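2 protein chains.
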Amino acid sequence: MATPIQENLVAKNKAYASSFTGGGLALPPAKKYAVVTCMDARIHAAEAYGIYLGDAHIIRNAGASARDALRSLVISEQLLGTEEILLIKHTGCGMLTFKNEDAEALVKKNLGEDAVKALVAFKGDFLTFPELDEAVKDDVEFLKQSKLIPEKIKSKISGWVYEVETGKVRSVV
Amino acid sequence: MATPIQENLVAKNKAYASSFTGGGLALPPAKKYAVVTCMDARIHAAEAYGIYLGDAHIIRNAGASARDALRSLVISEQLLGTEEILLIKHTGCGMLTFKNEDAEALVKKNLGEDAVKALVAFKGDFLTFPELDEAVKDDVEFLKQSKLIPEKIKSKISGWVYEVETGKVRSVV
Chain L
0 MATPIQENLV
10 AKNKAYASSF
20 TGGGLALPPA
30 KKYAVVTCMD
40 ARIHAAEAYG
50 IYLGDAHIIR
60 NAGASARDAL
70 RSLVISEQLL
80 GTEEILLIKH
90 TGCGMLTFKN
100 EDAEALVKKN
110 LGEDAVKALV
120 AFKGDFLTFP
130 ELDEAVKDDV
140 EFLKQSKLIP
150 EKIKSKISGW
160 VYEVETGKVR
170 SVV
Chain D
0 MATPIQENLV
10 AKNKAYASSF
20 TGGGLALPPA
30 KKYAVVTCMD
40 ARIHAAEAYG
50 IYLGDAHIIR
60 NAGASARDAL
70 RSLVISEQLL
80 GTEEILLIKH
90 TGCGMLTFKN
100 EDAEALVKKN
110 LGEDAVKALV
120 AFKGDFLTFP
130 ELDEAVKDDV
140 EFLKQSKLIP
150 EKIKSKISGW
160 VYEVETGKVR
170 SVV
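Quick mapping for you: the protein sequence lines, in order, are chains L and D. So for the first sequence, numbering that gives the first Met the number 0 puts the first residue at 0; every next one is plus one. So for the second sequence, numbering that gives the first Met the number 0 puts the first residue at 0; every next one is plus one.
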């Protein structure tokens with residue numbers, strides 16, 4: 000029994016596939032870059048950031064966290080040849096609105112003590128941040144300091160903010 | 000000095016923002032669902048999966064790994080009210096083409112012994128998979144077994160494959 004969400008996926012995808020012409024694209028991103036941005040529902044990354052099909056890896060997680068994205072970034076560079084990173088956080092991010100302690104308390108209340116133990120086992124930190132531009136700078140610095148990011152890429156890591164109110168991107172670092 | 004990739008972001012975003020009308024959307028996803036899919040450059044998630052701006056969280060990482068997405072999923076549900084998960088892997092995925100050992104060997108060769116140590120410290124597993132449909136089933140099962148996913152959501156986790164050759168989605172589990 001399909002849910003309305005699943006029915007929407009099937010119906011909308013059918014229409015998408017009926018005019019699909021991108022079947023011949025190669026696995027490695029054609030323009031050799033990766034974008035890290037937030038999972039936020041108000042961001043349509045490809046359109047907002049001008050990414051054509053096949054051009055770039057798009058990594059999305061809660062808060063556009065560079066730490067959370069590290070596995071994907073290493074794969075992107077080491078195995079699929081990307082050479083540049085755009086890190087794009089955004090205004091009105093959920094990760095600005097609560098703290099790690101709040102999230103942990105909620106998990107404990109809603110899911111119980113076992114869930115808190117599972118949480119610690121998987122990561123233990125929600126990677127929230129108190130200030131937006133500083134968080135962008137911190138994440139770019141984290142990547143520049145990481146031994147897992149090759150030196151040749153470090154000069155091509157930039158940090159940005161996307162404004163969900165206006166659709167505009169601005170440069171931070 | 001902006002790179003061509005950065006210039007593309009600025010120019011394309013300017014055009015996007017000039018006709019942007021989504022500034023009034025709320026933070027929580029309107030349709031209360033989250034999609035986990037791959038970072039692959041050949042996937043434009045919003046278009047291919049019929050996701051309207053503001054409707055759903057879109058989480059993307061190498062291989063559409065549920066484990067890697069767990070932090071984001073917990074935040075999506077516990078703090079932002081989503082109640083359903085679509086997990087969508089795809090044909091031709093890079094994670095099908097190499098093994099954890101290959102990736103680790105490459106990191107060691109290209110970035111040195113220190114990078115391998117950093118790798119282990121951050122996660123230590125590239126979360127590759129040998130067979131596509133099985134990997135979808137495994138990930139859905141992982142979420143259904145997770146103490147971090149509430150019971151009420153477990154009946155609304157579905158697994159899918161997106162075909163990069165045709166643009167079509169098919170149901171797996």
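The hints are simulated quantities; they were obtained by calculation from the structure and are not laboratory data. Watch out, some of these pointers could steer you wrong.
Chain copies aren't distinguished; within one or between two, either way the pair holds.
[As the list claims (entries may be wrong)] Calculated pairs, DSS-like style, for lysine-lysine (alpha carbon to alpha carbon, straight line, at most 30 Å):
1. Lys108 to Lys13
2. Lys107 to Lys31
3. Lys98 to Lys31
4. Lys98 to Lys11
5. Lys143 to Lys98
6. Lys143 to Lys31
7. Lys13 to Lys116
8. Lys30 to Lys143
9. Lys11 to Lys116
10. Lys167 to Lys31
11. Lys153 to Lys107
12. Lys98 to Lys13
13. Lys30 to Lys13
14. Lys108 to Lys143
15. Lys13 to Lys107
16. Lys11 to Lys146
17. Lys167 to Lys116
18. Lys13 to Lys146
19. Lys167 to Lys107
20. Lys31 to Lys108
All values reported here derive from a predicted model rather than from experimental measurement.
To see whether the hints hold, each was checked on the structure:
1. Lys108 to Lys13: Answer is neither; intra-copy 41 Å and inter-copy 44 Å both fail.
2. Lys107 to Lys31: The answer is between: 22 Å across copies meets 30 Å, while 42 Å in one copy does not.
3. Lys98 to Lys31: between (35 Å within a copy, 22 Å between copies)
4. Lys98 to Lys11: Close neither inside one copy (37 Å) nor across copies (34 Å); limit 30 Å.
5. Lys143 to Lys98: both (25 Å within a copy, 26 Å between copies)
6. Lys143 to Lys31: Within. Shortest intra-copy distance 18 Å satisfies the 30 Å Cα cut-off; inter-copy 36 Å does not.
7. Lys13 to Lys116: neither (42 Å within a copy, 46 Å between copies)
8. Lys30 to Lys143: Within one copy only: 21 Å inside, 37 Å across.
9. Lys11 to Lys116: Answer is neither; intra-copy 39 Å and inter-copy 45 Å both fail.
10. Lys167 to Lys31: Both: 23 Å inside a copy, 25 Å across copies.
11. Lys153 to Lys107: Between copies only: 18 Å across chains, 39 Å inside a chain, cut-off 30 Å.
12. Lys98 to Lys13: Intra 41 Å, inter 33 Å, cutoff 30 Å: neither.
13. Lys30 to Lys13: Answer is both; intra-copy 28 Å and inter-copy 20 Å each pass.
14. Lys108 to Lys143: Answer is between: at 20 Å across copies they meet the 30 Å cutoff, but 38 Å inside does not.
15. Lys13 to Lys107: Neither: 41 Å inside a copy, 44 Å across copies.
16. Lys11 to Lys146: Answer is neither: 42 Å inside a copy and 32 Å across each miss the 30 Å cutoff.
17. Lys167 to Lys116: For Lys167 and Lys116, the Cα distance exceeds 30 Å both inside one copy (40 Å) and across copies (39 Å).
18. Lys13 to Lys146: Answer is neither; intra-copy 44 Å and inter-copy 35 Å both fail.
19. Lys167 to Lys107: neither (38 Å within a copy, 40 Å between copies)
20. Lys31 to Lys108: between (44 Å within a copy, 21 Å between copies)
Checked against the numbered hints listed earlier, the structure breaks hints 1, 4, 7, 9, 12, 15, 16, 17, 18 and 19; every other hint is satisfied.
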